[in-house]
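A.B. asks: Read off the chains here:
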Amino acid sequence: MAKHPVSLKVNGDEHDLLIEPRKTLLAVLRDTIGLTGTKEGCSTGDCGACTVIVDGKAVTSCMVLGVTASGKEITTIEGLASDGELHPIQQAFIDTGGYQCGFCTPGFIMASKALVDENPDRTEEEFRFALGGNICRCTGYTKILEAVLQAAEEIRTNS
Amino acid sequence: MKSFEFFEPTTLAEASSLFAQKHAQLLAGGTDLVIGMKAYTETPETVISLQKIPGLDGITTDNDKSISIGAMTKVRQVELSEDIQQYHTALAEGASEIGSIQIRNLATIGGNIAHASPAADTVAGLLVADAQVDIASADGERSVPINELFTGPGQTVLKPGEIITQFRLLHPASGSHYIKHKIREVMDLAFIGVASAVNMQNGVIKEARIGLAAVAPTPIRATEAENLLSGKTPTPELLAQAGEAAAAATSPISDLRCSAEHRKEMVDVLTRRTLQNALDRV
Amino acid sequence: MSEKKEYKVIGTRPIRHDGVDKVTGRAIYGADFQITGLLHGRVLRSPHAHARIVSIDTSRAEAHPGVKGVVTAEDLPAAEDKMADLGEGAVSLKYLCDNILASDKALYKGHAIAAVAATSPHIAEEACELIDVEYEVLPPVLEVRQAMESDAPILHENLRTSSLGETGDKPSNIASHFQHKKGDIDKGFDEADVIIEREFVTGTVHQGYIEPHNATALYNPDGQLTVWCSTQGAFTVREQLAEILQYPISKIKVVPLEIGGGFGGKINVYVKPVAALLAKKTGKPVKVLMNRADVFEGTGPTPASYITIKMGATNDGKITAAQTSLVFEAGAYPGSPVGAGAMCVFAPYNIENVVIDGYDVVVNKPKTAPYRAPGATNAAFGTETVVDELAEKLNIDPLEIRLMNGAKEGDRRADGPVYPRIGFIETLEAAKEHPHYASPNGKKYHGRGIASGFWFNIGLESSVTINVNPDGTVNLVEGSTDIGGTRASIAMQAAEVLGIPAESVNPTVVDTNSIGYTAVTGGSRTTYATGYAAYEAAQDVVQQMKARAAKLWDVDEDNVQFADGEFSSINGKEEQISFRDLSARLGETGGPVIGRATMNPAGAGGAFATHVVDVEVDVDTGKVEILRYTATQDAGKAIHPSYVEGQIQGGVVQGIGWALNEEYIYNDEGEMTNASFLDYRMPTCLDLPMIDAVIVEVPNPGHPYGVRGVGEVPIVPPPAAIANAIYDAVGIRMTELPMSPDRLLKAMGKI
Numbered sequence: 000m001a002k003h004p005v006s007l008k009v010n011g012d013e014h015d016l017l018i019e020p021r022k023t024l025l026a027v028l029r030d031t032i033g034l035t036g037t038k039e040g041c042s043t044g045d046c047g048a049c050t051v052i053v054d055g056k057a058v059t060s061c062m063v064l065g066v067t068a069s070g071k072e073i074t075t076i077e078g079l080a081s082d083g084e085l086h087p088i089q090q091a092f093i094d095t096g097g098y099q100c101g102f103c104t105p106g107f108i109m110a111s112k113a114l115v116d117e118n119p120d121r122t123e124e125e126f127r128f129a130l131g132g133n134i135c136r137c138t139g140y141t142k143i144l145e146a147v148l149q150a151a152e153e154i155r156t157n158s
Numbered sequence: 000m001k002s003f004e005f006f007e008p009t010t011l012a013e014a015s016s017l018f019a020q021k022h023a024q025l026l027a028g029g030t031d032l033v034i035g036m037k038a039y040t041e042t043p044e045t046v047i048s049l050q051k052i053p054g055l056d057g058i059t060t061d062n063d064k065s066i067s068i069g070a071m072t073k074v075r076q077v078e079l080s081e082d083i084q085q086y087h088t089a090l091a092e093g094a095s096e097i098g099s100i101q102i103r104n105l106a107t108i109g110g111n112i113a114h115a116s117p118a119a120d121t122v123a124g125l126l127v128a129d130a131q132v133d134i135a136s137a138d139g140e141r142s143v144p145i146n147e148l149f150t151g152p153g154q155t156v157l158k159p160g161e162i163i164t165q166f167r168l169l170h171p172a173s174g175s176h177y178i179k180h181k182i183r184e185v186m187d188l189a190f191i192g193v194a195s196a197v198n199m200q201n202g203v204i205k206e207a208r209i210g211l212a213a214v215a216p217t218p219i220r221a222t223e224a225e226n227l228l229s230g231k232t233p234t235p236e237l238l239a240q241a242g243e244a245a246a247a248a249t250s251p252i253s254d255l256r257c258s259a260e261h262r263k264e265m266v267d268v269l270t271r272r273t274l275q276n277a278l279d280r281v
Numbered sequence: 000m001s002e003k004k005e006y007k008v009i010g011t012r013p014i015r016h017d018g019v020d021k022v023t024g025r026a027i028y029g030a031d032f033q034i035t036g037l038l039h040g041r042v043l044r045s046p047h048a049h050a051r052i053v054s055i056d057t058s059r060a061e062a063h064p065g066v067k068g069v070v071t072a073e074d075l076p077a078a079e080d081k082m083a084d085l086g087e088g089a090v091s092l093k094y095l096c097d098n099i100l101a102s103d104k105a106l107y108k109g110h111a112i113a114a115v116a117a118t119s120p121h122i123a124e125e126a127c128e129l130i131d132v133e134y135e136v137l138p139p140v141l142e143v144r145q146a147m148e149s150d151a152p153i154l155h156e157n158l159r160t161s162s163l164g165e166t167g168d169k170p171s172n173i174a175s176h177f178q179h180k181k182g183d184i185d186k187g188f189d190e191a192d193v194i195i196e197r198e199f200v201t202g203t204v205h206q207g208y209i210e211p212h213n214a215t216a217l218y219n220p221d222g223q224l225t226v227w228c229s230t231q232g233a234f235t236v237r238e239q240l241a242e243i244l245q246y247p248i249s250k251i252k253v254v255p256l257e258i259g260g261g262f263g264g265k266i267n268v269y270v271k272p273v274a275a276l277l278a279k280k281t282g283k284p285v286k287v288l289m290n291r292a293d294v295f296e297g298t299g300p301t302p303a304s305y306i307t308i309k310m311g312a313t314n315d316g317k318i319t320a321a322q323t324s325l326v327f328e329a330g331a332y333p334g335s336p337v338g339a340g341a342m343c344v345f346a347p348y349n350i351e352n353v354v355i356d357g358y359d360v361v362v363n364k365p366k367t368a369p370y371r372a373p374g375a376t377n378a379a380f381g382t383e384t385v386v387d388e389l390a391e392k393l394n395i396d397p398l399e400i401r402l403m404n405g406a407k408e409g410d411r412r413a414d415g416p417v418y419p420r421i422g423f424i425e426t427l428e429a430a431k432e433h434p435h436y437a438s439p440n441g442k443k444y445h446g447r448g449i450a451s452g453f454w455f456n457i458g459l460e461s462s463v464t465i466n467v468n469p470d471g472t473v474n475l476v477e478g479s480t481d482i483g484g485t486r487a488s489i490a491m492q493a494a495e496v497l498g499i500p501a502e503s504v505n506p507t508v509v510d511t512n513s514i515g516y517t518a519v520t521g522g523s524r525t526t527y528a529t530g531y532a533a534y535e536a537a538q539d540v541v542q543q544m545k546a547r548a549a550k551l552w553d554v555d556e557d558n559v560q561f562a563d564g565e566f567s568s569i570n571g572k573e574e575q576i577s578f579r580d581l582s583a584r585l586g587e588t589g590g591p592v593i594g595r596a597t598m599n600p601a602g603a604g605g606a607f608a609t610h611v612v613d614v615e616v617d618v619d620t621g622k623v624e625i626l627r628y629t630a631t632q633d634a635g636k637a638i639h640p641s642y643v644e645g646q647i648q649g650g651v652v653q654g655i656g657w658a659l660n661e662e663y664i665y666n667d668e669g670e671m672t673n674a675s676f677l678d679y680r681m682p683t684c685l686d687l688p689m690i691d692a693v694i695v696e697v698p699n700p701g702h703p704y705g706v707r708g709v710g711e712v713p714i715v716p717p718p719a720a721i722a723n724a725i726y727d728a729v730g731i732r733m734t735e736l737p738m739s740p741d742r743l744l745k746a747m748g749k750i
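Chains as they are written, first to last, in numbering that gives the first Met the number 0: chain W, 0 to 158; chain C, 0 to 281; chain A, 0 to 750.
Isolated chain W, as found in the complex:
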């Protein structure tokens, strides 16, 4: 079947690609572009490990056909740290021990980033609701919530 030309702006860089329509955005990011920081946990949108930000919105990239992302601006975990500085959410995950195996971490950080960009002023319960699409099997979520709340507090204070 015919491949389609696709232009993606990923972490600020333009990528002009020719891809099969059946390739998901996740596969395009990982296999075609080589950004393997975004993880595949379930392939069905149920774990959130593949979360990236598309035009400002967090989405599960395993449910998106790569061809439909053409012309869009995408941020992945690799695009979060700037000028050698970790994003406050990344730093908070390290400081609190908000991960153990680290596999769900990129997805959690990207989902959290979209949330605090939208509104850092959320309660613990609101963050729990909003992060419900990200499954972690190691931490029991306690230290993840601590990390997100700590980062949100820092972002609120600095803005």
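No lab work stands behind these hints, which were simulated from the structure alone.
Please note that the accuracy of each hint is not assured.
Distance condition first, Cα-Cα at most 30 Å in a straight line; then the derived DSS-like pairs of lysine-lysine [claimed, not checked]:
| no. | chain 1 | residue 1 | chain 2 | residue 2 |
| --- | --- | --- | --- | --- |
| 1 | C | Lys37 | A | Lys279 |
| 2 | C | Lys1 | C | Lys21 |
| 3 | A | Lys280 | C | Lys1 |
| 4 | A | Lys186 | C | Lys1 |
Since we're looking at a predicted model, the values are computed, not measured.
Given the coordinates of chain W, assemble chains C and A onto it according to the supplied hints.
C.D. replies: Relative to chain W, chains C and A alone:
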């Protein structure tokens, strides 16, 4: 995933004629179709994206408070719309119950309905809003009431080439509420879903509408229960009667996770609870 | 070990050495690995739970454009009647091989039948659809009690029951039966004033690690096989590959990449030998990734079980006798963790008269695998519920009855071992003193539950080398894959010995060619045993550096001492040099210093935990909400308290999932009907409160810093604690897991 031809038409007419072909599927948000294609339960030869067609998304409110929702509107937008939250609370709540924020940023209300899952979370809210479903095809346009759209699990009255374009919510409620019976608090499929909406006049229920999801082959209105409430002053006994009448109207399936008796019992419980909450919100 | 030791590094909370890699996406997990010329593999799996394989025709798949090779069980070396030694006793090589690719029978839905290597994952997937397999479908047996019946469908015609030293004379699904006995059980029950006997059923549950299994294999023309993968143990992968492929261990190198969770589920190999076979067939590197359905249906969950517990106690609360029958499903091949369950079932209590019977029963489900304290959670669900009921009948507080009967140093467990210093009583006291236990608990439909748990922890082999750098830092080389922060907890123990900051130790996890044998990251052993090896390797560094200092100062080696990061001379000369400064002078004193240690420590020391949970039951919908959760646990010594808390919190939440939601749901054909994360329903963060982890420290005499393993025991108490809380809330004893809304409504008579 099987290989397929991919089209991104920019007009409804083009989409409709492509869609009339055999083995073609529409891609709205993709959250059902892409997963189905991965599992080989969907094997279209042609996939037609509706994402490049202008004018299919967005929420507009008219002066008479009637609201239109474009079929390609993301369910996250439905969830966050202040007008929908105010006049169709049950629908906004239903939208907020779908998957995760990441999924709701992709999934569309049209896709949620066209997929015709009896358990779709927006359907009970649309039922109690008396939604009118506008449909377009190469042959023209038509409109059907939401409770006439579904014919069975995964089945609708939509004919080949027909595409849902928008939902018109004709009937604002003075109070409404949706509850989904589920195991997990988020990221779960509804065992059942119940929406209740009431309009009050001088302390009397002028009209009540009850929408039930996942309790029958198609989503249904509990009309007997509605009639029972109409014109009455709400009391716990009345709500209990309505709950029983709603449960009696259902024919749920049994599975190993949730028996038919359990589902029926929940229709009773949740009809009472949603009615009470809808009344409290008036 | 009663005095409080002062440490500089141990007990602090430095950040992980792999911290930045894991929040920036730079950490390389198995599926992230890339190599030139890579092919993609896909496994075809049985759609039937029980079927004879009549024929497999791969010709259409082989002809599919882009396909480079197809393998079936015929590509495995003949395994009939051979035994394989994997360090845990001999196992049938045929069983081991048949679980990788079925030869004669498919024994569960999802059983691997054949595999394809192709130029893209999509092509490999398409080619699997083109493999024609003819099956003779057989009736499946899915539940242990049915599998034990004389007319049950038989999985293995050649399996005979091994029971108390005797071997049966006809085919059976009961692989083995064993017994532990202590005291006189009849006398014990005679002495009891109250006897409770109950039956319990638990569901099949999965570890639920988020990263699916993966492997990339390459056969070089020189015969060298290299496998890159995520695993809990590179060396066990090497051993299993050597046995399954009948290939020399010296020609196999296993490179462990970062691992996205394991919990016991990434010890057994599945796709790794398949990748190796495909690599051999194609002459190219081949990567095989599982999807989530493959993981649920094709890898080992932990067993469902049928358990009876009978316990008796006197009116003043002394438990006089305990008897149990533990029947565990093994899955398709023998080898459930019923043995471990039997070690744990009554372990928290000092009971004079005990009988424990264990049964290992095959059923048409995936071969079971370890899952965090394997067997102990099933067993504790029974015991801890019955202890709660005894306390209620005797009108004794549930913590008090545990304090009265709790095991202490010198008590003997029914299966043999005598306890060294253990901290069970201390976990009970910590729970009793916690504000949670004193907080009000009287609201309607609210309830509080208590349960305790035990896991024995293991030692096993670990190797560590430490290379001293000229700037006073060290590079620590280890073979333990890091699933949750063990680089840090191991490095910290070396840092403590060397008197340097944790950040001055650079830990690296290496492949099987680059370090001495190291057993799996499992059994709660890594911080204990590999940490112990790091301690010894660091001591070796200190010894060698003392000799260097002696050389510098021209004194006898015995006259050099080391404390707080400083070498100094005693007897005469007043010389002093820091570890850092001496590191810079290794060149002039004889060259590099490498410390090393390899050990197999025996004193792992058991871990105990006591949990307190508050729930609210919605009596109309049957839903149980966890309102508050406090977990106390004896960690011996918490090397990195944050990571110990994390282990406790994570284990508790897995236990909560097991208690309330999680189970494999099968239809009558033996098909799992919920093989996705959406339908399997592991807890999300909205289902939970913050979990309060309380660390108790009763040093383990078997470790220089007193470390006990912490990873596993926190999963043990939750199902029983929640069942006891539900009883407190609504007066219903739940004896089946999970305690789903459907089951609870039925138990309450609502439906």
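A.B. asks: Each hint should be assessed against the structure and marked as holding or not.
C.D. replies: The hints, checked one at a time:
For the proposed pair Lys37(C) and Lys279(A), the alpha carbon gap of about 29 Å is at most 30 Å, so the pair holds. Distance check on the hinted pair: Lys1(C) and Lys21(C) sit about 16 Å apart at the alpha-carbon level, within 30 Å; holds. Our distance criterion of 30 Å between C-alpha atoms is met by Lys280(A) and Lys1(C), whose separation comes to about 26 Å. Taking the CA atoms of Lys186(A) and Lys1(C), the gap is about 69 Å. The hint is violated against a cut of 30 Å.
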